[in-house]
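*Asks:* Sequence:
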Amino acid sequence: MILANSRASLLPLWRYAIAQCTNLWNLILNSLRKQRRLSQEDTAEKSTRVPTPKAPPRHITYWPVPGSWQRREHPNWSNSVFQVPENPPHGTIYYVTKGKQISCGATAHVELLPSGHVIKYPKSNPYNPTEEDNHRRDMRTEAEIYQRIGECPYVPKLIDWDPESCCLTLENFEKGNLAVYLTSSASISSEIRRQWTLQAASAVSALHMADVIHCDVAPRNFLLNGSLNLHIADFAGSSAAGSPNTIAAGARFQPPGWSWHLPAKAADDIFALGSVMYFIMVGEEPYAELPEADVEKLFQEGKFPQWASQHKCWSLYF
1 MILANSRASL LPLWRYAIAQ CTNLWNLILN SLRKQRRLSQ EDTAEKSTRV
51 PTPKAPPRHI TYWPVPGSWQ RREHPNWSNS VFQVPENPPH GTIYYVTKGK
101 QISCGATAHV ELLPSGHVIK YPKSNPYNPT EEDNHRRDMR TEAEIYQRIG
151 ECPYVPKLID WDPESCCLTL ENFEKGNLAV YLTSSASISS EIRRQWTLQA
201 ASAVSALHMA DVIHCDVAPR NFLLNGSLNL HIADFAGSSA AGSPNTIAAG
251 ARFQPPGWSW HLPAKAADDI FALGSVMYFI MVGEEPYAEL PEADVEKLFQ
301 EGKFPQWASQ HKCWSLYF
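Numbering (full-length UniProt numbering), first residue to last: 1 to 318.
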């Protein structure tokens with residue numbers, strides 16, 4: 001009897017507690033539904049919001065990221081060193097290296113592989129896909145020219161060509177390019193200089209025999225091996241079998257009347273060869289002390305520095 005009365009007295013209390021729990025549960029459910037609805041609306045807004053386009057960067061900086069080849073050399077380096085940042089600064093392009101950088105042109109990276117060969121691959125440019133396509137096109141042109149020339153004692157040996165990645169692998173020339181070597185060497189014998197002029201002429205002749213016009217015959221595009229023999233290189237902007245060139249020589253290597261509107265001619269290379277020969281024999285470019293505009297004017301007038309060996313190259317235009 002006492003137990004029954006006790007249960008009866010607790011019944012209203014239980015009903016009240018259950019009602020409060022029910023109200024609290026409904027409040028929680030309503031809050032969760034509201035949060036979910038707001039989240040869906042926010043997601044929909046984000047998905048339809050058009051991102052503000054950024055203007056193309058005025059300057060692009062290429063930032064190297066160590067490749068797998070450096071993991072073997074530096075096993076204690078953190079993994080973060082080998083990772084490309086997810087959100088690079090605007091105008092910065094990260095790229096994974098394949099070897100040690102030895103040169104960097106306008107269109108390609110040039111690196112020394114652990115194997116001792118040189119690899120050349122096109123620069124990427126997500127800010128300008130057309131420019132990136134042009135870089136890859138120039139690499140395909142260069143590969144075609146190496147294949148067209150074949151084995152030649154005056155041209156670097158082609159080791160490999162990957163058409164998918166547009167990567168060229170070439171033999172290495174440990175003495176670097178003629179421009180740097182000649183200006184940084186204390187003394188170079190007249191015999192070596194004469195050898196270089198003959199090899200430069202033979203190199204340009206070999207290109208023309210293969211229906212290739214270099215279009216940028218200059219000291220920086222001649223390489224020296226360990227025996228100081230000269231080889232011509234860098235055909236990325238050259239003309240092959242009449243194809244349009246995408247590179248041109250500087251004012252001191254450019255014939256009078258040259259224009260982008262005119263097709264490349266073998267005579268253009270021969271004129272530039274005269275300036276290269278002058279550089280080899282004298283140690284500086286023609287009219288090195290004058291501004292380029294003055295040099296162009298002098299060339300137009302047929303006035304050249306006095307040096308017999310290259311005058312025949314220059315006189316082709318007169």
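Keep in mind the hints are simulated off the structure, nothing from the lab.
Incorrect hints may have been included.
[As the list claims (entries may be wrong)] Label pairs and their in silico Cβ distance ranges:
hint, residue 1, residue 2, range
1, R72, A267, 42 to 52 Å
2, L298, H74, 47 to 57 Å
3, S124, I102, 17 to 27 Å
4, S185, T97, 27 to 37 Å
The beta carbon of each residue, even a glycine, is placed where N, CA and C say it ideally should be.
*Asks:* Go through the numbered hints given earlier and state which of them the structure violates, listing their numbers in rising order.
*Replies:* none
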